[in-house]
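If you read the protein sequences in the order shown, they are chains A and B. The numbering used here puts the first residue of the first sequence at 1, with every later residue one more than the last. The numbering used here puts the first residue of the second sequence at 1001, with every later residue one more than the last.
What the hints contain is simulated information worked out from the structure, not anything from laboratory work. It is possible that some hints are incorrect.
Computed, partial: chain B to chain A, Cβ under 7 angstroms [stated by the list, open to error]:
hint : residue
1    : Ala1081
2    : Ser1082
3    : Pro1083
4    : Ala1109
5    : Asn1114
6    : Tyr1198
7    : Leu1199
8    : Pro1200
9    : Asn1203
We put the CB at the ideal spot given by N, CA and C, even for glycine.
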Amino acid sequence: MTYTIENYKQFLYAVIEMIEKEKDYLSELDRKLGDGDHGVTMSIGWQAVKEKLDNELQNERDGGEISKVVAKTFLNAVGSSVGPLYATGFLRGSKVLKGKTEFNHSELLDFWIAFGDGIKERGQAEVGDKTMIDTIQPFIQSLREKREDQSFSEIFDQALVSAENGMLSTKEMISKKGRSSRLGERSKGFLDPGATSIYFILECFQKSLFSVT
Amino acid sequence: MKKLINNPNDVVDEMIEGYIKAHPNQVRRLEENKRSIVIASETKENKVGVLIGGGSGHEPAFMGYVGRGMADGVAVGNIFASPPPEPIVEATKAIDKGNGVVYIYGNYAGDIMNFGMAAELAEMEEDIDVELVVVNDDVASASSEEKEKRRGIAGEFFVTKAAGAAAEKGYSLKEVADVARRTNERTRTMGVGLTPCYLPQTNEPSFSLKENEMEIGLGHHGEPGVEKGELQQADQVADRLVQDILNDMAMSNGDKVAVLVNGLGSTTRMELYIVFRRVEQILAKQGIEIYRSYVGNYSTSLEMGGCSVTLTNLDEELISLIDAEADCPMYAQL
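Just chain A, same shape as in the assembly (with noise of 0.2 angstroms):
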């Protein structure tokens, strides 16, 4: 299989869109645990990632330069804890995809790993703590796990789900950190929006991949 830079760039579209769609849900999911601010912090900054990728984007087809941009572009429009966070997935990510236009099984693969890695790396929480590492960690665990036979969308598939188990996780799970940590019990029985977004975001790329042939 081939991945191509347009088959990332409408990865990146449909997370924008996405993102327009869900903001409202991600905000209300926040209002329960934070400030009530979560989709609208992502919106600030994927809509700013849209304006690059309208104009001075247009015609860069080097996947790593795309992504460096992604990172900076969202990172200095929306600051917040989200802002450090995925601007280190993006950038650790860039690094796989730098000089090229199309990547294969195993540059995607190294893509989310090292994705998955830097923000966990920047955000020190760990499992269980109810924040997006409750859906990365297990994501990019199945990765990890892949078996040689299988193709990149069986392992993609199957990492996702670890990743939905891990988000729905959270709903039971009592806040180790960030601002909702200050609920102990009290932030029971709620999805925490970091980790639902995460997931909305890989389950884009899962629906970038349908069109790959």
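Since chain A is already given, all that's left is putting chain B on it; use the hints.
Just chain B now, kept in the frame of chain A:
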């Protein structure tokens, strides 16, 4: 919630525009970054820089505290969101006089990451020494065993005041940072929320409380507090807030404190002084002397209703710093 704004997406930038146009003799915005604001006048030769920052929506914090005797620069974030590294680095470059810069910010995941990244960039790429001071005065946000998890709220005002005065007096980078950290160590805050705030972009309440309820320990972004309870009168609320602080930070007869009774946005001065009245009574009964008092909106959460009480246990050095003059657009002490 009715708000006097234009496009909700433009509130932060339009606020900054108004702010710098209103006070051109005191503050200016950097051309390099529209979210970096620095003191307009020339500061003392060799002075250590003091940089503050955080999300918008807490005005006068943080941008209102740029001025002589307080901060030299500020990085302004989106509403309730840490600024990214870029405006922090630009402000750092603008205020550094060769002796380094102290960053003061609250203990939030976002601020920790963004100010940390900015400090690395300033040191690596600009060769500027940076000291990080993280404020965590909010008693309600974690137990005393987990003090490192506590958030920074109104107490940041006193930390900035002490650091700003120390820098103005010619302290070294390390000394300014040490004074700021000691002020933080000796500062505690407890708050109570009565009514929510509404983010301009969503216009949804940050939490819901019934007419007869209050929330003790509410975070200053509307994060739920430690306990919801029936709304009580000002005296009972003040008793609870001060008691929680004193339980956490032992003080004895003869200690001197700075007191801040801080409004969260929509609470009137009348109410704040009624609360202060009781705070003074409790402290007097314990033989704790109020050395200096501050009553008003010093760190808000948009239009949230409620207040917080901050106590800083002063020592001789902190007394001299708290007494020092300060002159900022949103706060002055002469």
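Hints and how they fare:
With its C-beta approaching chain A no nearer than about 4 angstroms, alanine 1081/B sits inside the 7 angstroms limit, and its interface hint holds. Interface hint status for serine 1082/B: upheld, as the beta-carbon distance to the closest one in chain A is roughly 5 angstroms, under 7 angstroms. Given hint, proline 1083/B at the interface with chain A, holds; its Cβ is 5 angstroms from that chain's nearest Cβ, closer than 7 angstroms. At a threshold of 7 angstroms, the smallest CB-CB gap from alanine 1109/B to chain A is about 4 angstroms, leaving the interface hint in force.
Proximity of asparagine 1114/B to chain A holds as hinted, the smallest CB-CB distance being about 5 angstroms (cut-off 7 angstroms). For tyrosine 1198/B, the interface hint is violated, the least distance from its beta-carbon to any beta-carbon of chain A being 9 angstroms, above 7 angstroms. With 7 angstroms as the threshold, the beta carbon of leucine 1199/B comes within range of chain A, its nearest partner Cβ sitting at about 6 angstroms, so the hint holds. For proline 1200/B, the interface hint is violated, the least distance from its beta-carbon to any beta-carbon of chain A being 9 angstroms, above 7 angstroms.
Look at asparagine 1203/B: its Cβ only gets to about 11 angstroms from chain A, farther than 7 angstroms, so that hint breaks.
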